[in-house]
Structure formats: structure tokens, C-alpha cells
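Colleague: The listed protein sequences derive, respectively, from chains A and B. Read in order, the letters of the first sequence correspond to residues 37 to 338 in my numbering. Read in order, the letters of the second sequence correspond to residues 88 to 445 in my numbering.
Keep in mind that the hints were calculated from the coordinates and are not lab data. There may be inaccurate statements among the hints.
Cβ-Cβ distance ranges computed for the label pairs, FRET-style [stated by the list, open to error]: (1) A/Leu189 / B/Glu415: 49 to 55 Å; (2) A/Ser322 / B/Ile253: 38 to 44 Å; (3) B/Val182 / A/Arg162: 43 to 49 Å; (4) A/Arg162 / B/Leu410: 38 to 44 Å; (5) A/Leu189 / B/Val182: 57 to 63 Å; (6) A/Phe259 / B/Leu410: 29 to 35 Å.
A virtual CB, placed ideally from N, CA and C, is assigned to each residue, including glycine.
So you can see what is in the structure, the chains are spelled out below.
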Amino acid sequence: MRAEGIPPLFFRKSELVEFVATVIILTCTYALLAAGIVILYKAGRVVNFAHGEIAIVGGYVFYSSGLIAGSPWFAAVGAVVFSIVTGAFIYAAMMRRVVGEPFYVAILITVGIAIVLKAAIIVIWRAEQVTIDVGVAPAIRLAGGATLSYMDLASIVLTIAFFVALYLFFTFTRLGVQFRGTAENALLASQRGVNVNLVLSLAWIIAVAAATLSGVLYGGRAFLGSASVTIGLAGLTAALVGGLDSLRGAVVGAFIVALAQYLTVRLLDPVLSEALPFLILLVVMSVRPWGLFGTVEELDRV
Amino acid sequence: MARAGTNLRTSYLESNEVLRRPYQKLLIALILAAALMLPFGSSDYFMHLINLCFLACIGALGLMILTGFCGQISLGHAAFLAIGAFTTVILTVHVKMPFLVVVPAAAVSGAIVGFLVGLPSLRFRGVYLAISTLAMHYAIVFLCTTYQANFGASASAGITIADPVIGSLRLRGEHAWYYFLLALVTLFTVGCVNLVRTRPGRAWMAIRDRDIAAEALGINLTRYKLAAFMLSAMLASVSGSLAAYYSNVVTVEGYTLDLAVIYVAMIIVGGMGSVLGGLLGAIFITLLPYAIDSLFEFLPRAWRFGSTVFGMQVGAVGVCIILFLLFEPKGLAEIWRRTETYFDRWPFRYRPLDTTRR
Numbered sequence: 037m038r039a040e041g042i043p044p045l046f047f048r049k050s051e052l053v054e055f056v057a058t059v060i061i062l063t064c065t066y067a068l069l070a071a072g073i074v075i076l077y078k079a080g081r082v083v084n085f086a087h088g089e090i091a092i093v094g095g096y097v098f099y100s101s102g103l104i105a106g107s108p109w110f111a112a113v114g115a116v117v118f119s120i121v122t123g124a125f126i127y128a129a130m131m132r133r134v135v136g137e138p139f140y141v142a143i144l145i146t147v148g149i150a151i152v153l154k155a156a157i158i159v160i161w162r163a164e165q166v167t168i169d170v171g172v173a174p175a176i177r178l179a180g181g182a183t184l185s186y187m188d189l190a191s192i193v194l195t196i197a198f199f200v201a202l203y204l205f206f207t208f209t210r211l212g213v214q215f216r217g218t219a220e221n222a223l224l225a226s227q228r229g230v231n232v233n234l235v236l237s238l239a240w241i242i243a244v245a246a247a248t249l250s251g252v253l254y255g256g257r258a259f260l261g262s263a264s265v266t267i268g269l270a271g272l273t274a275a276l277v278g279g280l281d282s283l284r285g286a287v288v289g290a291f292i293v294a295l296a297q298y299l300t301v302r303l304l305d306p307v308l309s310e311a312l313p314f315l316i317l318l319v320v321m322s323v324r325p326w327g328l329f330g331t332v333e334e335l336d337r338v
Numbered sequence: 088m089a090r091a092g093t094n095l096r097t098s099y100l101e102s103n104e105v106l107r108r109p110y111q112k113l114l115i116a117l118i119l120a121a122a123l124m125l126p127f128g129s130s131d132y133f134m135h136l137i138n139l140c141f142l143a144c145i146g147a148l149g150l151m152i153l154t155g156f157c158g159q160i161s162l163g164h165a166a167f168l169a170i171g172a173f174t175t176v177i178l179t180v181h182v183k184m185p186f187l188v189v190v191p192a193a194a195v196s197g198a199i200v201g202f203l204v205g206l207p208s209l210r211f212r213g214v215y216l217a218i219s220t221l222a223m224h225y226a227i228v229f230l231c232t233t234y235q236a237n238f239g240a241s242a243s244a245g246i247t248i249a250d251p252v253i254g255s256l257r258l259r260g261e262h263a264w265y266y267f268l269l270a271l272v273t274l275f276t277v278g279c280v281n282l283v284r285t286r287p288g289r290a291w292m293a294i295r296d297r298d299i300a301a302e303a304l305g306i307n308l309t310r311y312k313l314a315a316f317m318l319s320a321m322l323a324s325v326s327g328s329l330a331a332y333y334s335n336v337v338t339v340e341g342y343t344l345d346l347a348v349i350y351v352a353m354i355i356v357g358g359m360g361s362v363l364g365g366l367l368g369a370i371f372i373t374l375l376p377y378a379i380d381s382l383f384e385f386l387p388r389a390w391r392f393g394s395t396v397f398g399m400q401v402g403a404v405g406v407c408i409i410l411f412l413l414f415e416p417k418g419l420a421e422i423w424r425r426t427e428t429y430f431d432r433w434p435f436r437y438r439p440l441d442t443t444r445r
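Next comes chain A alone, as it looks inside the complex (with noise of 0.2 Å):
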């Protein structure tokens, strides 16, 4: 809702902070969460479904692990453990089993899992909203008075260290550079001497622990509750914008997705940002479907 009497494109100081604040959150719950959906496209051509579901479950397990022992870091504990288990779960009882099936199953089986994780947000959690709130030390104040608590400021510094994580392990590890070869060739990749199995089942297991990440952080920001699941669709979204097959791409999706988002909220009409991922997906669909960053031959043209 913009106040009454203000020009709608003029952001008065405090408001640009904020502005500019907002949307740098944004952006790191949803580049974690494309990265996330691009390294599965990546690793095994399977676009999850479920990203949103995930993240959701992933930050109730967060807030939960932090209400049973009361304190963050065994929350974080509880985080990381629900990723391995998790990830390692969906690949080797799923999706290992149908390599070699008709495209559509591993899709619909990752629906699958996110109608039941959404089951278990109202069985295990009733479905309740909550914030996640760590008990760190209050907001900094910004110019203008707008907040930014610690909260947020360890989001950002969270995700610029899983990028630059995720980039020197593709880089500079052995297993990184094996990863490659898999999303590459996962045929060949296994004739030369590498473990696939491994390979594909870290896909997922970073992949949850980013989507989580991605959940704790939107958790903090906003609440959990059934309906947050949609993040998921706006992490899509980004992946697509910035191309299904490019990481990098999925940065600058997510802050073309936040930014869309944030400005529609602010200029035009809050209802209308529930539908946008949707409307920047048509467009990104009809005009250039290999997104930004991505590769024209990876598109499976007809």
C-alpha cells in the first residue's frame, strides 16, 4: 500500500533504504532458492516441484529444533541434519529408481513429495504461522529509520557464502569437477569412474540445504504457514528467468523476480504480486524460454 499523496515512482531517503534492504533479502531467499532448482535441472534434468514445500518444512524444522533445545545453533543442527536426510532420501528411494523413465515421472513424483510435505506442515505443525525468531541482538537502524536486524544482515552474508561455496567447490574440488562431468554426461561420467550415485544424491542434499536456508531466512523476514509454499513458484520463476541450466543466472533472476515483486507491492496493487511470478513467467516463456543466462540447446524444443 503506498501513502496517500506521494508520487508513485518517488521514493522518499528512508524509503530507498528500505527499498533497497527489502529487495536484497528477497533476492537471497530466492537466488538460494533457484540455485537450488538449477543445480537439480542441472545434475539430473528435473525441474522439483517440491522447492517451496521444502523450504517451508525446512524452516519448521529450524524454528522447531530451536524451540525444543532453545538455542540457534542446535536449530542450525537440526537444519542440516533434516537436509542430509532429506536429500539423500528423495534421491536414492525416488529418484534413482525411475532414471530411464518417461520425463514426466520424476516431475510428478516431485509433486508428489510436495503435496506431502504440505500434509505434514499441517499434520505435524497445524499449519500454524509462525516467525522465526532466534533471540539475536535487536535491528540496526538505518538511515531514515528503517531496520535491518541481525537477523537479515546474516542472510545476506549466509548467501553470498554459499554462492562463493558453491563456486569454489565446482571449481577447484575434485568431486565439484566430477559433478560437472555428471551434469554433463551422467552416462559417461560413470564409465570414466564416477560415482553418479554420490554425485546426484550431494545434488539433492545441497539443493534441500539451500531451499531450507532459503526458508529459515524467509521464516525470519516474514512467517511459515501453508500458504508461504508459494515461494517456491517465485524461485522457479527466477531460475527460469535467468536461464534453468546457469547458476549465476539464477542470482540475477532472483533479483529481477524480487525487484518485480517489491515494486508491484509498493506501485500497483498487493494482489497482483501473488500472480506476478506467473505473469514474468509467461513473458520469460513466450519471449525468451531459455532465460537469460541459459543455453538455446538445452531447451527441449519440439
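Given chain A's structure and the hints, the job is docking chain B onto it.
Modeller: Below, chain B alone, put in the same frame as chain A:
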């Protein structure tokens, strides 16, 4: 030859036969007779469940044509249902059209929307097509939400629709609806069976199995893909329109992505590429929440939180999708086929020596 006859075919025409086995005609006659007798002595609640199954069957047949036969994955089926429902709203509330005009009009508007949603399928397949139907779903639901929001003060609870009137007959009550829907489902089923075993169906299956090869065979991809989308959307739209009349209320909150996924679950559970599977899956998935609800009746009261039951009902659909895809990818139809084969070969358990096939 009676027993070998189920697998032995000596002409191409025979492979087109629908009812090959001698007992199948009898079975279908029995099922139809039982269906006609069913309402006698059945409660309204039971008939209501069956009617819901019938409505789902019509929609699931549509999605089966599109995904099961033509291989075009769609997450936009709820939007097609919404198109039918909102066409009904617009035509009955603003123009006061009679039932027999509204339903065909819903079919036509469904076909038009199906054409539009199908256009991306000319450029993409696979994952990208699924995402584009997803985007279409949100666009259509957004339009419907906007319509409902501007409809009036009472619209937040849904828009009411009067009972349909055919001539001097007022279609009201579960039993009357049952016969009406039974006739329609039979009609659509026969139509679909005939469609998929003749030229369009064979073209769709060729496209599903390998579109490049299909094109090389001279199949017009554009025409047949769009035809599949239009037919699918048309059936869904008719189902949505009838559901609107049946429940007397339309609200956009009912047409979520979850509903589209439920329809996908129907064709997976039923079995891709089988008309029978579409019907079985629709019935299975429609009755599943009610079955879970009645299962919870047996549990101690303390376990029966409203949200637990609801969550289980939601989750069961997802579990069904995953389990069927992993362990029975051809669904209930395959289980039915195996049963038939078992009885064909009884008392032998092994596959008979049959050099003419496979």
C-alpha cells in the same frame, strides 16, 4: 481357439476390437445393469459420492486424452474446470441462459481456452511445457479471482447458481443427477474409447511415443496436439460447468493448483494411456479422502484432530502419486489387465507359448 483368441490376432481390424474377451460384453452389461439399479435403496450421501466420482471421471477423461494419450503434460487442468464453472456463472447470472445452452457454451469456451493454452506445446515439450501450463493456470485463475472480486458483496462466499431445468424437468437431488451423469459418463467413455482406437487416437499415441517419428509418418503435429488440448479442456470445462450446477455454488478458491495435481494423480493412479484407467483413477482419488475420513472413525477420539484428518487426506494423494509411479507405473488399469490375463491362462501360471505376439 477360445482361450488363445485373446492374444492371437489374424488381421489388423482385430487389433481395433474393444471387447475381445467373450465375457467382457457380459461384464459390461452387468455393470450397467448394476449401475441402473444402484440408486434403489442407496442413501443420498452415497449417491452424492458417486456423483462426485462421475464429475471427476469426465474431467479425468479429458486429462487422460491429453497426458495419457498425447503425452502433453498439463498442470493446468484446474484452470479448465474453472473456465467451465465461470462460463456457467456468467451465462446463468448475467444472461439467464438455459442449462442446455450453457453446458455446450462451456464446452466451446473450454475448447477456445484449451487452444490458447495448447499453443506453447507447439514450441516446447517436457519440462518447459509443464511450466508453461502452470503459468497459464495462474493467469486464468487470476482472471477468475478478479471477476469474483468485482462480482459483488456476497461473492466472497461464492456465487450461487440455480438448479438446472431441462424442458419442464428440474434436475434436483442426488438420484436425478445420478442418472443424468451416468448417461453422460457412458457417452463420453464410449466416445473416448472410439476416439483413441481410431485415427486421432493413433496419431496422439504416435506423438506421445516419439513426436519426430510421428511427424515423419505424416502426422500433423500442430493439428493433433491442439486437438488434444481442445478436447481435454472441453471435457474439463463440461465437468466444471456440471459441477457448478450440481453444487449450486462457484468459488474461485476451489480451483487451486492442488486440484490440478489431484487430476494428475487420477490419471497416474488409473494408469497412463488407458480410458478405463482414467475412470478407475478418478473414482479412486475421489473416494480416497472419504475412505480416510471413515478410517479415522475407528481410531481413538484423541487422535482425530480436524487438521490431522485433513492433512492425511491431502498427503494420501501425494503418497499415491509417488507409490504408483515407483511401483505400478501403469496404474490400476494394469492391475486389472493382469487379473484378466491370470484368468485367461488359468489354470496355467506361465506365459503360454505364443509365437504370434511379442
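Colleague: Give a verdict on every hint.
Modeller: Verification of the hints:
Checking the proposed 49 to 55 Å range against leucine 189 of chain A and glutamate 415 of chain B shows it holds: the Cβ atoms sit about 50 Å from each other. In this structure, serine 322 of chain A and isoleucine 253 of chain B meet the distance hint of 38 to 44 Å, their C-beta atoms being roughly 42 Å apart. Separated by about 45 Å at the C-beta atoms, valine 182 of chain B and arginine 162 of chain A satisfy the suggested range of 43 to 49 Å. Distance hint for arginine 162 of chain A and leucine 410 of chain B: a CB-CB separation of about 26 Å, inconsistent with the stated range 38 to 44 Å.
Restraint check, leucine 189 of chain A to valine 182 of chain B: a C-beta distance of roughly 58 Å satisfies the suggested window 57 to 63 Å. Between phenylalanine 259 of chain A and leucine 410 of chain B the CB atoms are about 33 Å apart, so this pair conforms to the stated range of 29 to 35 Å.
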